[in-house]
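Protein chains: 2
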Amino acid sequence: MILTVTLNTALDLTYGVPELVPHASHRVSDMSERPGGKGLNVARVLSALGHETVVTGFAGGSTGTVLRELLAARPADAPAPGTAPAPLTDALVAVAGNTRRTIAVVDRATGDTTQLNEPGPLVTADEWTALLGRYEELLAGADAVALCGSLPPGIHVGAYAELVRAARTAGVPVLLDTSGEPLRRGIAARPDLIKPNADELAQLTGSREPMRATRDARRRGAHGVIASLGPDGMLAVTPDGIWQAAPPARVPGNPTGAGDSAVAGLLSGLVEGLSWPDRLRRAVALSTATVLSPTAGDFDRAAYEELLPRVGIEEHAPAA
Amino acid sequence: MILTVTLNTALDLTYGVPELVPHASHRVSDMSERPGGKGLNVARVLSALGHETVVTGFAGGSTGTVLRELLAARPADAPAPGTAPAPLTDALVAVAGNTRRTIAVVDRATGDTTQLNEPGPLVTADEWTALLGRYEELLAGADAVALCGSLPPGIHVGAYAELVRAARTAGVPVLLDTSGEPLRRGIAARPDLIKPNADELAQLTGSREPMRATRDARRRGAHGVIASLGPDGMLAVTPDGIWQAAPPARVPGNPTGAGDSAVAGLLSGLVEGLSWPDRLRRAVALSTATVLSPTAGDFDRAAYEELLPRVGIEEHAPAA
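Those protein sequence lines, which keep their order, are chains A and B. Numbering of the first sequence is given in UniProt numbering, commencing with residue 1 and proceeding in unit increments. Numbering of the second sequence is given in UniProt numbering, commencing with residue 1 and proceeding in unit increments.
Don't read these hints as lab results, they were simulated from the structure. On a predicted model such as this, the values are computed, not experimentally measured, just so you know. Backbone N, C-alpha and C fix where the C-beta goes; we use that ideal spot for every residue, glycine too. Some hints could be false.
Label pairs and their calculated CB-CB ranges [claimed, not checked]: (1) 316/B / 33/A: 30 to 36 Å; (2) 229/A / 91/B: 19 to 25 Å; (3) 109/B / 132/A: 19 to 25 Å.
Only part of the chain B face toward chain A is listed, based on derived beta-carbon distances under 7 Å [to be verified]: (4) 20; (5) 23; (6) 117.
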């Protein structure tokens, strides 16, 4: 089983409008509602890849109830022909506060998206203690764990460092995907993997030069750093070597969720004992197939299968 | 008791953002949630004025549940010193669909608001029949009724005409506040009052000249037409005469809900047997005090008391 942790889950709403005009009134022409937060997105992709997955984190209030109902009722996400997704189990911890909403306003004229994110519920010390207990129980049965996304109000900035240490103590490989100070603190606790994008790396290291920034991030404590280069693919600096992986071509589409699909690719590859090049091929093919999907955050299964053998892998000389 | 009908109730969310930038991601800095839809706003003001009020219309799904909880728990809206608001009773009819959300995104740099309105639940024929039954029961105890706002999907465009006729059959004075084709059809059923703004009047009559458009609207069937002139006050063309009412000065602020406060002023004045000039004074003072209130849709009680004697009333010569 793969465990994903989403401390700040979200009810993701997508509103289509004919054209977004600031300071005007808009009638929403089409809308959808789905369970969100990075770890839930990662879990959905893992499940579609056939990996049994458990999600934990916090959910509460009326929006939390809707999120959990949608999670229980979720349709099979792009399953391969003749296959069903693996079980995705809800082990979220109930909180008194209201799970946040995020709203993606999609301008149907241009396809551009304007995002509005509520901050999330205030989590109490008792609720955090309950999460820690649930997490340690779940680690006992986990082959790998992903810690994903922002922290809700009330959670201390070293929370991810604490979760990384618990995973390492339990001997469970841990991937950390967050940003800012929680990432800086979390890295110092020596996670197996981090997956920053260019902005997150620059914020962490002060450098926008991918190789320099990625190596710097490794020196700060992460065993492996997989830097997302956006449409150019990924750069992996690991204890076993350095690789760059690139999709066969740049593709048009919506990058929402592409990073979460990459995390699912890396983590499933690790659990399956794939080589680094194969893990990277999967991560790049999944994230490209997510950009290509008409539904934000889903991946296009046919595009994934087609892209997988065509991802370019280049091995770099070991670090000086 | 005064009855208000809101066929398309809404959970009104207000999101403050430091600055709204299209196609960017925003963290919501402050937010509030309250029961909305024009008839609910009218009822809140009526209750604050000391009038026992019953609300009906539709509510459903998780957003409908939150709306009803907030309605039951609503704080006293700007009650006069030493007074409490009169009871506001929830007689909403449950529907299977989800009550819509409306989102007002307030740019905290400029105060400008960008509005996003979900369309509302699809209401079935059986649910409409249930509403008609509830409405006729409630009319038996009503001194006046206000029919407010847009129609949700599934409701026929002559719905307000049907509700106007039922009120007239029951001998209950009826005010209709809607727009477009539902207004056009509703007027033909001869409501006691309509309260269009300049845009609604122009859409109905083709004229932007207030006196001409207001008289035209009366000829179409409304016994009395109270045209909102925005910051310039109101023009009332009634069977008893023609009056224009204006606030002592233009005021800065947020006009959201000013029209609903005016409806509450007109309806409470009718039930109390006030003269037309006194009803108009109340409506203009309430709507101006709503623009002045820091919370969208609430009125500033002190400003209302202060403005009331200062509203200017001018009587026009009877229609030629």
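Cross-check of the supplied hints:
no.	hint	in the structure
1	316/B / 33/A: 30 to 36 Å	violated (52 Å)
2	229/A / 91/B: 19 to 25 Å	violated (59 Å)
3	109/B / 132/A: 19 to 25 Å	violated (40 Å)
4	20	holds (6 Å)
5	23	holds (4 Å)
6	117	holds (5 Å)
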